[in-house]
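A.B. asks: Generate the whole structure from the sequences, applying the supplied hints.
Counting along the sequence shown from 1, when you hit position 21 you're at 24 in the working numbering, and nothing is skipped either side.
Here are the in silico distance ranges between beta carbons for each label pair: (1) S191 <-> G69: 34 to 40 Å; (2) T113 <-> M324: 37 to 43 Å; (3) A318 <-> D266: 26 to 32 Å; (4) V111 <-> A303: 41 to 47 Å.
Pairs of lysine-lysine, DSS-like flavour, derived with a Cα cap of 27 Å: (5) K13 <-> K86; (6) K92 <-> K13; (7) K73 <-> K92.
Keep in mind the hints are simulated off the structure, nothing from the lab.
Even for Gly, the Cβ is constructed at its ideal location relative to N, Cα and C.
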Amino acid sequence: MQPFVITNAKDQTCFEQQPADTLLRAALRAGIGLSYECNSGGCGACKFELVEGEIETLWPQAPGLGERDKRRGRHLACQCRAKSALTIKATTASEYVPRIPPHRQTAVLTGMTDITHDIREFRFVTDGSADFLPGQYAMFDLPGIDSPRAYSMSNTPNANREWHFQIRRVAQGKGTAVLFEALPLGASIGLDGPYGVGFLRTQSPRDLVCVAGGSGLAPMISIARGAAEAGMLKDRRLHFFYGARTPQDVCGQTLLANLDGYDTQLFYYPVVSDPSAEEWQGKTGFVHQAIAPVLVETLANFEFYFAGPPPMTQALQEMLMLEHRVPFEQIHFDRFF
Numbered sequence: 004m005q006p007f008v009i010t011n012a013k014d015q016t017c018f019e020q021q022p023a024d025t026l027l028r029a030a031l032r033a034g035i036g037l038s039y040e041c042n043s044g045g046c047g048a049c050k051f052e053l054v055e056g057e058i059e060t061l062w063p064q065a066p067g068l069g070e071r072d073k074r075r076g077r078h079l080a081c082q083c084r085a086k087s088a089l090t091i092k093a094t095t096a097s098e099y100v101p102r103i104p105p106h107r108q109t110a111v112l113t114g115m116t117d118i119t120h121d122i123r124e125f126r127f128v129t130d131g132s133a134d135f136l137p138g139q140y141a142m143f144d145l146p147g148i149d150s151p152r153a154y155s156m157s158n159t160p161n162a163n164r165e166w167h168f169q170i171r172r173v174a175q176g177k178g179t180a181v182l183f184e185a186l187p188l189g190a191s192i193g194l195d196g197p198y199g200v201g202f203l204r205t206q207s208p209r210d211l212v213c214v215a216g217g218s219g220l221a222p223m224i225s226i227a228r229g230a231a232e233a234g235m236l237k238d239r240r241l242h243f244f245y246g247a248r249t250p251q252d253v254c255g256q257t258l259l260a261n262l263d264g265y266d267t268q269l270f271y272y273p274v275v276s277d278p279s280a281e282e283w284q285g286k287t288g289f290v291h292q293a294i295a296p297v298l299v300e301t302l303a304n305f306e307f308y309f310a311g312p313p314p315m316t317q318a319l320q321e322m323l324m325l326e327h328r329v330p331f332e333q334i335h336f337d338r339f340f
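C.D. replies: Spelled out as structure tokens, the structure:
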């Protein structure tokens, strides 16, 4: 089957979409900066208008597209495939142009380690390179699952072709059910990546703040590791906040403790929102509320990275931008739902 040519009427760029790709993934593979975040139908950042041609919608009920959008003829590029040549109107920007174009590979599961009672690290080796930026994610094609799942890497790019993921088991989650119950060592999956714009900016001169909640641990660990490997912690500090619901959910410290600069340039702050289940002597409340009291100085002096549940990322973004006037270009995250 021949690829279809997609023309963006907004900037007159053209790209080809292979039959297995969505419009979004095809654009990013072609080096076109179509706006996006989650790549999974949840955030709505990749909305476009169809001017001419025929498309297939993979998930008509995707939450990233409201009824008002549908009435206006909008679609999600991450949930649409071309069925003919297309003309579309889509937003593009230089910050979405992939530094490393995503590509498909076969990945073999080589190891697993439990991080908490419901977070497990899965380690894969691919047939091609492990080339990505700290903080990015990949899409999994899992056996028996119709749609791909997005998971963030916890390691850093390497010559050993290794991709590590710290994944939280989701109640009733079909993807995590396969990973936790039905994927034996030696099994193969499809891995497509890297994706994401919440990656480490190594050129920033500012101190870093990483904020993680739940399975948002993985990309923040990757960023902390990337900062240490790049030598950023020789003259900058990194403050790592982890938000957990109960004390048994707290994690991350042992993963950070082996990095150069731990406790001198890299500092870890666990925060528990519901400490009632057992005795807890540490910080309590919501994780975003702990940041300003700990850092004391003006928050606009820092570079922020965060990942976690939507309420956490929304509250954190609003706090940074509205209450503390942190410039948007110093705030880095990818929204997931």
